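J.: Residue numbers (our numbering), protein chains in the order written: chain C, 1299 to 1772; chain W, 8 to 282; chain A, 22 to 329.
Hints listed in this document are in silico derivations from the structure and should not be mistaken for laboratory results. The structure displayed is predicted, hence computed values, not measured ones. Glycine included, each C-beta is placed from N, C-alpha and C at the ideal position. One should not assume that every hint holds.
Claimed, not checked - One side of the interface only, derived from the structure: several residues of chain C facing chain A at Cβ under 10 Å: (1) Leu1404; (2) Ala1727; (3) Pro1730.
Claimed, not checked - The list that follows gives simulated cross-link-like pairs (lysine to any residue, SDA-like), each with its CA atoms no further than 20 Å apart: (4) Lys1432/C - Ser89/A; (5) Lys1512/C - Gly1597/C; (6) Lys1598/C - Gly175/A; (7) Lys1589/C - Leu272/A; (8) Lys1367/C - Gln1674/C; (9) Lys1482/C - Met1708/C; (10) Lys1768/C - Lys1482/C; (11) Lys1758/C - Gln1734/C; (12) Lys1598/C - Glu64/W; (13) Lys1621/C - Tyr49/W; (14) Lys1375/C - Ala1681/C; (15) Lys1565/C - Asp1751/C; (16) Lys1367/C - Ala1687/C; (17) Lys1589/C - Trp190/A; (18) Lys1545/C - Gln1674/C; (19) Lys1585/C - Ser89/A; (20) Lys1621/C - Pro46/W; (21) Lys1432/C - Arg88/A; (22) Lys1758/C - Gly187/A; (23) Lys1758/C - Asp104/A; (24) Lys1617/C - Asp45/W; (25) Lys1664/C - Gly1439/C; (26) Lys1617/C - Ala50/W; (27) Lys1598/C - Gly187/A; (28) Lys1585/C - Val188/A; (29) Lys1585/C - Tyr49/W; (30) Lys1589/C - Ala50/W; (31) Lys1510/C - Pro186/A; (32) Lys1585/C - Pro186/A; (33) Lys1442/C - Asn1464/C; (34) Lys1585/C - Gly187/A; (35) Lys1715/C - Ser1455/C; (36) Lys1585/C - Ala50/W; (37) Lys1367/C - Tyr49/W.
As the list claims (entries may be wrong) - DEER-style ranges, computed between Cβ atoms: (38) Ser225/A - Leu111/W: 35 to 45 Å; (39) Pro1514/C - Asp174/A: 14 to 24 Å; (40) Trp1449/C - Ile83/W: 51 to 61 Å.
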Amino acid sequence: MHRRISRWARAVAAATGLLVIAATASGCLGKDSKTDSGRNAEVKEFSLTIAANAIAGGKNAAGAEWVEKWVIPEFIKDQQAKGRTAKVTFQPSGAADEDYKSKIALDLRSGSGADIYAIDGIWVGEFADAGYIKPIEDLVGADKVTGWEGWSQIPPSVQGNMSYNNKRYGVPAGTDGRVLYFNKSLFSQAGLPADWQPKSWDEILATANTLKTKLPGVIPIQLNAGTAMGEATTMQGALPLLVGTGKEIWSNGKWEGNTPALRSMLKAYEAIYRGGLGDPVLQQDAKGRDKSFQAFAEGKIGILLESDYLWRSVVEPTKGIAKMANRDQVVGYTLIPALGAGKGIRGQDFVSMSGGGGNVLNPGTKYPQQAWELLQFMNSKAATVAQLAGSARITQRQDVNTEVLAKDPMLSFVSTKVLPLTAYRPGFAVYPRVSQALQQATLDVVSGKSADDAAATYQKALEGIVGADKVASG
Amino acid sequence: MTVMLAVVRRIGFYVAIGFATAFFAIPLLWLLSAPFDDPPTYAVRLPRHFSVENFAEIARNRYAVPALVNSLLLAIGTMAVVVAAAALAAYALSRVRVPGRDALLYVLLLLSSVVTGTAAMVPIFLLMFQLNLIDSRFGVVLVLSGGLLPAAIFLLKDFIDTIPRSYEESARVFGASPLQILRHIVVPVARPGLATIAVWTIVQVWGSFLTPFILLRDQGKQPAAVLVRTFYTEGGSPNLGLLAAFSLLYSIPVVVMYLLAWSRYGFRFHGGIKS
Amino acid sequence: MEAATAEPVGVVAPRATPTDVVGLGRRRALGFVAPAFALIGVFLIFPALWTLYIGATNFRLTGTAARSPDFVGLDNYRHALEDPSFYRSLWLTVIFVLGSAVIGQNGLGFALAWVLRGVRRWVRRSVETLVLLAWILPSSVVAFLWIAMLDRDGGTVNAVLGNTPGVAWLIEYPMAGIVVFNIWRGTAFSMMLYSAALSSVPPSQLETARLAGASDAQTLRDVVFPHIRRYALTNTLLITLWTFNDFTPFLITAGGPNHRSEILPVYLFNTAIIGGEMGYSGAISLIVLLINLVLALVYLRAGRRRPA
Chain C
1299 MHRRISRWAR AVAAATGLLV IAATASGCLG KDSKTDSGRN AEVKEFSLTI AANAIAGGKN
1359 AAGAEWVEKW VIPEFIKDQQ AKGRTAKVTF QPSGAADEDY KSKIALDLRS GSGADIYAID
1419 GIWVGEFADA GYIKPIEDLV GADKVTGWEG WSQIPPSVQG NMSYNNKRYG VPAGTDGRVL
1479 YFNKSLFSQA GLPADWQPKS WDEILATANT LKTKLPGVIP IQLNAGTAMG EATTMQGALP
1539 LLVGTGKEIW SNGKWEGNTP ALRSMLKAYE AIYRGGLGDP VLQQDAKGRD KSFQAFAEGK
1599 IGILLESDYL WRSVVEPTKG IAKMANRDQV VGYTLIPALG AGKGIRGQDF VSMSGGGGNV
1659 LNPGTKYPQQ AWELLQFMNS KAATVAQLAG SARITQRQDV NTEVLAKDPM LSFVSTKVLP
1719 LTAYRPGFAV YPRVSQALQQ ATLDVVSGKS ADDAAATYQK ALEGIVGADK VASG
Chain W
8 MTVMLAVVRR IGFYVAIGFA TAFFAIPLLW LLSAPFDDPP TYAVRLPRHF SVENFAEIAR
68 NRYAVPALVN SLLLAIGTMA VVVAAAALAA YALSRVRVPG RDALLYVLLL LSSVVTGTAA
128 MVPIFLLMFQ LNLIDSRFGV VLVLSGGLLP AAIFLLKDFI DTIPRSYEES ARVFGASPLQ
188 ILRHIVVPVA RPGLATIAVW TIVQVWGSFL TPFILLRDQG KQPAAVLVRT FYTEGGSPNL
248 GLLAAFSLLY SIPVVVMYLL AWSRYGFRFH GGIKS
Chain A
22 MEAATAEPVG VVAPRATPTD VVGLGRRRAL GFVAPAFALI GVFLIFPALW TLYIGATNFR
82 LTGTAARSPD FVGLDNYRHA LEDPSFYRSL WLTVIFVLGS AVIGQNGLGF ALAWVLRGVR
142 RWVRRSVETL VLLAWILPSS VVAFLWIAML DRDGGTVNAV LGNTPGVAWL IEYPMAGIVV
202 FNIWRGTAFS MMLYSAALSS VPPSQLETAR LAGASDAQTL RDVVFPHIRR YALTNTLLIT
262 LWTFNDFTPF LITAGGPNHR SEILPVYLFN TAIIGGEMGY SGAISLIVLL INLVLALVYL
322 RAGRRRPA
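Looking at chain C on its own, in the form it has when it is part of the complex (with noise of 0.2 Å):
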């Protein structure tokens, strides 16, 4: 018997010892280290990897492309005349977001991978709090990142999205614009004007009626909702109706929870909804976003509310993923209204919200100095027409977006006349998770639960996430 005893002891013990093993070696968990400005500064040899979530053949072709058919070469050129040899290589990933993130996570938390990654701007506050990123000027120099003249080009606004508590931790590559798509051959058969401009929710909510009762085949309108279409639904369907109720998702130090704002957003989703006036089953689906493109495109979607995306990706004559021949002709667009007039945030008729990512340096890099110089180098103005190689686009210089978007209506319309109205989300570590409360919220309110119910649900979850002071409420 206590032979038995004392074998199980040993496997205890050797169990624990383990354990500890593991406890000292996780004590590697928390890190922080400092970067050294000037290490290899005055080296004439280099190696810098610039890593994205893109890939030729698959995920954001066009931008692996760039970086791999003209960053690259370019960059070489460019410092091979100033007497140096550069050796630059891209790695690629086609990964979904949370996957790419969450890989890129490890290697910046490990010190090591590559040098530039291009991350989504959502991410820089979260990135930031882990020690991921650091402030740009900590790694090279604030004189050095003031110098550089793309600055003056990028809106601060802009500039915002890749900021966090008020210091640069990346620069932005490009923004986008949300408006109102809808199909004007549809308006026509149903009677409704193709140069359409509602001005509040209800004058939406009643030409979707409109299209209800004229057109029976066609969903009238689509708002996205739930949790499958991640932040397509914040982004496109919960913040855009928010903001027009004058409210931004976090404002004076409080996240909105159950307030009369929220409600009334819920409210709108419920009227969509319960009303037949959208397919709650569409938002369900694992691929509803790209089943709404395809719909739309193929003319059974009266309106929808998306981003210049669609635009110049989904719906584009030739290389869309939905493509419409007659795009130029079908499909209208129009400023989101606000619930009504002066209603939304700084006491706008009109609100939109916008995005973007951009890249960063890996405070464990071996050439710092290099590396912001290459970061610099992807923003200049010749690389930044190149990277539109031809399309139209927003792009985060004004002087290229000037240039380039005089050909295309919708881009200079967004560009022009959304871009000032616009919000951005704000830049904090816990965002990510209020936006999946939020998204919960409309699933709720699609799946049937009133808007006062979900509502509450919302302010609980919310609650949980940044701590019952942190919500306004009423």
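Go by the hints and put chains W and A onto chain C.
T.: The following block gives chains W and A in isolation, referenced to the frame of chain C:
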């Protein structure tokens, strides 16, 4: 009367088999039709335009063929490690009765489910980083082997348990060394079991996404399981044509390997001299 | 004139003992298990224990808790045990395992093995090949095949049933979808195992039963089941553990819609990757492990009971 019953039974029999066959065959049909369809949809149908354009596009993709090669490397590498290590360990554990052996195997089996789950991602990454094995296919092989070994040993030990010991005992008497016994007596009899474990390992590695994704940086080292998830269009919707075509290519090697293994060894979970 | 069976001079074979039936010797036995256990020790035990340790912290992959995680002891566990989403996930997993593995794969696997004994060789081979194809094709491929088949608009199921607009199977019946999928996916293993098991039933006993006029059901109950009991338990144990930790349904429904098919492996993924809460998901991993342990013990108990 009994003749009628027998006939009805026979018919019912074949109907049942028919249903089973249909159940297993129908989902596979898409894999045969969609790659050749242009443009492809989720429907299984005779292709409207028969085209091999999807395959041409795969050929143009510079990561496609290397990915398949990487999958082969990872699969065969892991299989070699797992079969060798598991065979040795299973033999020893089967023949030498160590107290707590069964309990140990069960504990390992349970732990292997933790380490293949998502929560172990960070420890594995940090461990490999300390060992300087990030961005190394060899490292991936080691991690995958560690995760698959407990089940492999478990299955093999069960298999070897059913092989009668008489041959080994007599070989001992004649002075053969254990390694010789292993090579000349045990392995030939255990071949079906070894083949099963080999196939099982290859199948597990072939589909493994998370470990290679986390541990490999260079896209040129990524296996097909990771690459297949990159076939999205510029904006983010799945490129059905490429997905279908690549899935077909991605499936062929495992199917071929299975057919080879089966025709030579058959799948069996117990060994021993045939009664 | 040495006896023919005299041991060759100079070689002394170690005596076989009851615990060492072929005279392997302690040292050699250790040497044999060393490679496997070295790999297991470094690449399995160490990270697994580390993960379980993380379960006692509030570690997150991003945010301030990534830089300096705090030791929170049993807080994560308390949170899990009070969290209705955890219980929902647990309940869904139980349904998933019971439905698709214990009943589905087991039942279908045995039925196929039994039925295929008596058919022509080529029929048997073809059916077995189809069943096995479902098992060996990689997860992303089979997930896509089922998404395509169950699609609302173009899927084969809706095409066969002839209804338009079709039923969005994965949205309205997600659990049924993944249960049926998993039965399709995993039956091969059970079928092969039962095939082997059935071939070990002495044909003489089956013959006796047939001559005695026993019905099929009686034969199964009295002759077959006693012989394959051990195999059945091993099979059920393995497929229970494997199904409990199977992540593949994520590729089909991603746990949706609205968490309605969020089985534990998917729940783990969602909390770890989407939610970024590594500490919490480490704790859930331990809870899952304990549940698996309990299940394993139940099976072992059942296996040890000797039939009357």
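J.: Hint by hint, note whether the structure agrees.
T.: Evaluation of the provided hints:
With a cut of 10 Å, the hint placing Leu1404/C at the interface with chain A holds, because the nearest CB-to-CB distance is about 8 Å. The closest approach between the C-beta of Ala1727/C and any C-beta of chain A is roughly 4 Å, which is under the 10 Å cut-off, so the hint is satisfied. The interface hint given for Pro1730/C holds, since its Cβ lies 8 Å from the closest Cβ of chain A, which is under the 10 Å cut-off. Between Lys1432/C and Ser89/A, the direct Cα distance comes to roughly 16 Å. Compliance with the 20 Å bound is thereby established for this hinted pair.
Distance restraint check for Lys1512/C and Gly1597/C: the Cα-Cα separation of roughly 15 Å lies within the 20 Å cut-off, and the hinted pair is therefore satisfied. Restraint check for Lys1598/C and Gly175/A: the C-alpha separation of about 17 Å stays at or below 20 Å, so the hint holds. A threshold of 20 Å between alpha carbons decides the hint, and for Lys1589/C with Leu272/A the separation of about 18 Å falls inside it, so the pair holds. With a CA separation close to 18 Å, the supplied pair Lys1367/C and Gln1674/C stays within the 20 Å bound.
For the given pair, Lys1482/C sits about 15 Å from Met1708/C by alpha-carbon distance, which is consistent with the 20 Å threshold. Between Lys1768/C and Lys1482/C, the direct Cα distance comes to roughly 44 Å. Violation of the 20 Å bound is thereby established for this hinted pair. At roughly 13 Å between alpha-carbon atoms, Lys1758/C and Gln1734/C fall within 20 Å of each other, so this suggested pair holds. With a C-alpha separation of about 31 Å, the suggested pair Lys1598/C and Glu64/W falls outside the 20 Å cut-off, and the hint is violated.
Taking the CA atoms of Lys1621/C and Tyr49/W, the gap is about 19 Å. The hint holds against a cut of 20 Å. Our distance criterion of 20 Å between C-alpha atoms is met by Lys1375/C and Ala1681/C, whose separation comes to about 13 Å. Taking the CA atoms of Lys1565/C and Asp1751/C, the gap is about 11 Å. The hint holds against a cut of 20 Å. Taken as a hint, the Lys1367/C and Ala1687/C pair is honoured in the structure, with Cα atoms around 11 Å apart against an allowance of 20 Å.
For the hint pairing Lys1589/C with Trp190/A, the CA-to-CA distance comes to about 16 Å; that is within 20 Å, so the pair holds. This hinted pair does not check out: Lys1545/C and Gln1674/C have alpha carbons roughly 36 Å apart, beyond 20 Å. Simply put, Lys1585/C and Ser89/A have alpha-carbon atoms about 38 Å apart, too far for the 20 Å limit, and the pair is violated. This hinted pair checks out: Lys1621/C and Pro46/W have alpha carbons roughly 13 Å apart, not beyond 20 Å.
Simply put, Lys1432/C and Arg88/A have alpha-carbon atoms about 13 Å apart, close enough for the 20 Å limit, and the pair holds. As the CA atoms of Lys1758/C and Gly187/A are separated by approximately 37 Å, the hinted pair breaks the 20 Å bound. Between Lys1758/C and Asp104/A, the direct Cα distance comes to roughly 13 Å. Compliance with the 20 Å bound is thereby established for this hinted pair. At roughly 16 Å between alpha-carbon atoms, Lys1617/C and Asp45/W fall within 20 Å of each other, so this suggested pair holds.
At most 20 Å may separate the alpha-carbon atoms for a hinted pair to count; Lys1664/C and Gly1439/C meet this at roughly 15 Å. The suggested pairing of Lys1617/C with Ala50/W is violated, with an alpha-carbon distance near 24 Å, which exceeds 20 Å. Under the criterion of a C-alpha separation no larger than 20 Å, the hint pairing Lys1598/C with Gly187/A is consistent with the structure, at around 17 Å. Proposed proximity of Lys1585/C and Val188/A is supported: the alpha carbons are some 15 Å apart, at most 20 Å.
Straight-line distance between C-alpha atoms of Lys1585/C and Tyr49/W comes to about 12 Å, which keeps the hinted pair within the 20 Å bound. Restraint check for Lys1589/C and Ala50/W: the C-alpha separation of about 15 Å stays at or below 20 Å, so the hint holds. This hinted pair checks out: Lys1510/C and Pro186/A have alpha carbons roughly 18 Å apart, not beyond 20 Å. A distance of roughly 17 Å separates the Cα atoms of Lys1585/C and Pro186/A; the hinted pair therefore holds under the 20 Å criterion.
Taken as a hint, the Lys1442/C and Asn1464/C pair is honoured in the structure, with Cα atoms around 17 Å apart against an allowance of 20 Å. Distance hint between Lys1585/C and Gly187/A is fulfilled; the C-alpha atoms sit about 16 Å from each other, no more than 20 Å. A distance of roughly 15 Å separates the Cα atoms of Lys1715/C and Ser1455/C; the hinted pair therefore holds under the 20 Å criterion. Under the criterion of a C-alpha separation no larger than 20 Å, the hint pairing Lys1585/C with Ala50/W is consistent with the structure, at around 16 Å.
At roughly 35 Å between alpha-carbon atoms, Lys1367/C and Tyr49/W are farther apart than 20 Å, so this suggested pair is violated. With their beta carbons about 39 Å apart, Ser225/A and Leu111/W fall inside the hinted range of 35 to 45 Å. Between Pro1514/C and Asp174/A the C-beta distance comes to about 19 Å, which sits within the given range of 14 to 24 Å. Trp1449/C and Ile83/W have their C-beta atoms about 53 Å apart, which keeps the hinted 51 to 61 Å range intact.
When each numbered hint is compared with the structure, violations occur for hints 10, 12, 18, 19, 22, 26, 37.
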